[in-house]
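Trainee: Work out the full structure: start from the sequences and follow the hints.
Here the sequence shown stands for residues 1221 to 1642, numbered as in the numbering used here.
Be aware that one or more of the hints could be misleading.
Below, simulated SDA-like cross-link-like pairs (lysine to any residue); rule was C-alpha separation at most 25 Å, straight line [unchecked claim]:
#, residue 1, residue 2
1, LYS1316, THR1255
2, LYS1256, GLY1290
3, LYS1326, GLY1388
4, LYS1482, SER1545
5, LYS1326, GLY1290
6, LYS1328, SER1411
7, LYS1304, PRO1426
8, LYS1571, GLU1530
9, LYS1592, SER1545
10, LYS1335, THR1395
11, LYS1256, THR1325
12, LYS1326, THR1255
13, LYS1328, ALA1415
These are calculated hints, taken from the structure and not from any lab test.
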Amino acid sequence: MVAARRQAAAVDGSSSSTFNVLDYGAKGDGRTDDTKAFEAAWAAACKVEGSTMVIPSASVFLVGPISFSGPNCQPNIVFQLDGKIIAPTSSGAWGKGLLQWIEFTKLKGITIRGKGTIDGQGSVWWNDSPTFDPTAQDSTTNDMINGELKGSMPSTKPTALRFYGSNGVTVSGITIQNSQQTHLKFDSCTSVQVAGFSASSPGDSPNTDGIHLQNSQDVVISSTTLACGDDCVSIQTGCSNVYIHDVNCGPGHGISIGGLGKDNTKACVSNITVRDVTMQNTLTGVRIKTWQGGSGAVQQVMFSNIQVSEVETPIMIDQFYCDKSSCKNQSSAVAVSGINYMNIQGTYTVKPVHFACSDSQPCSGVSLSTIKLKPVQEKHSLNGPFCWEAYGELKTATEPPIDCLETGKPAKAATQSNFESC
1221 MVAARRQAAA VDGSSSSTFN VLDYGAKGDG RTDDTKAFEA AWAAACKVEG
1271 STMVIPSASV FLVGPISFSG PNCQPNIVFQ LDGKIIAPTS SGAWGKGLLQ
1321 WIEFTKLKGI TIRGKGTIDG QGSVWWNDSP TFDPTAQDST TNDMINGELK
1371 GSMPSTKPTA LRFYGSNGVT VSGITIQNSQ QTHLKFDSCT SVQVAGFSAS
1421 SPGDSPNTDG IHLQNSQDVV ISSTTLACGD DCVSIQTGCS NVYIHDVNCG
1471 PGHGISIGGL GKDNTKACVS NITVRDVTMQ NTLTGVRIKT WQGGSGAVQQ
1521 VMFSNIQVSE VETPIMIDQF YCDKSSCKNQ SSAVAVSGIN YMNIQGTYTV
1571 KPVHFACSDS QPCSGVSLST IKLKPVQEKH SLNGPFCWEA YGELKTATEP
1621 PIDCLETGKP AKAATQSNFE SC
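Mentor: Quick look at the structure:
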């Protein structure tokens, strides 16, 4: 049957560049391991410029860790995802732990599009509980019912979908849900377009960032809905020319630049625009976070037209970021300058503004205009704006008044070397 379908495809010229995983042995029943069929379909599609690898609708494909890699593939391949891909939930499928589940590497012009879903089945990782794999040869129904399977998931949790070292990347229309860790990651990529994308995991699922960017340039994220247990979007070092707009975020930790400078490293982020975003029930709204001891710079950032609802702290710069009980005090820091906040309105539950900047590298060029933030309940005694070593300008009156912002430039300005090193 499969051979006949392949032969028919070869005869039909219109299908010679279309490679359906069902034609390569995939079952799509949600129980059979279809990894090898996906690998075979990719190997064929990889040889044809402008080809399309099809994951059809009305089917569920169980796929283990897999890499769709170049650099010898032809350009402009489309991964048409209309069905559903699910991850295995047995610890045996992951060895001692992997950093990613599905990855695309070193490609030119790669598109993932469709109405399909990638489901990481992450609850078995979040809960670190015994798991059951219906395809395992030595598993029985009693094993599943009695919960007697031995061993837990590896401590290293994979990113659901990762792109690495690729140019001209498009992700459109698909959904990633219940990721083991980060839903969608771009590392060392250029010319990235994300549109009509959805990420969905519970608000208490650990480290499940919606979209993670690092060492990537010329990125546009639009018309996207992100609900997760960590940052809706995380922008890390090496990112520049990033434009995020028309995004719905929540639950989650907001949209964050950082954490940057961990373990005394240099971090460089520039030309970031975040606008026309709504946030509901998030930890922060728009945040910049850096570790003590780092170097480099965050510069030229615009946050505008942000609507927040019941967000703990809508506006935050934290240069004392620490994800454990205590961190070593260090004088060096990533410089933060040219940060603009415009038209940020809505409600908060803890504090409207928190600017905690470095003693040695004060924040400079911080500007705010049309800021209107109200506590969810007026009768509660909530913290007002907090500023430390933050300098800039209030371009309009703000609600509440952000009187703690120092005007002008800091006496101890950030060293020029921080900016030049980037």
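Trainee: Tell me the hint numbers this structure goes against, listed in increasing order.
Mentor: Hint 9 is the one this structure does not satisfy, whereas the remaining hints hold.
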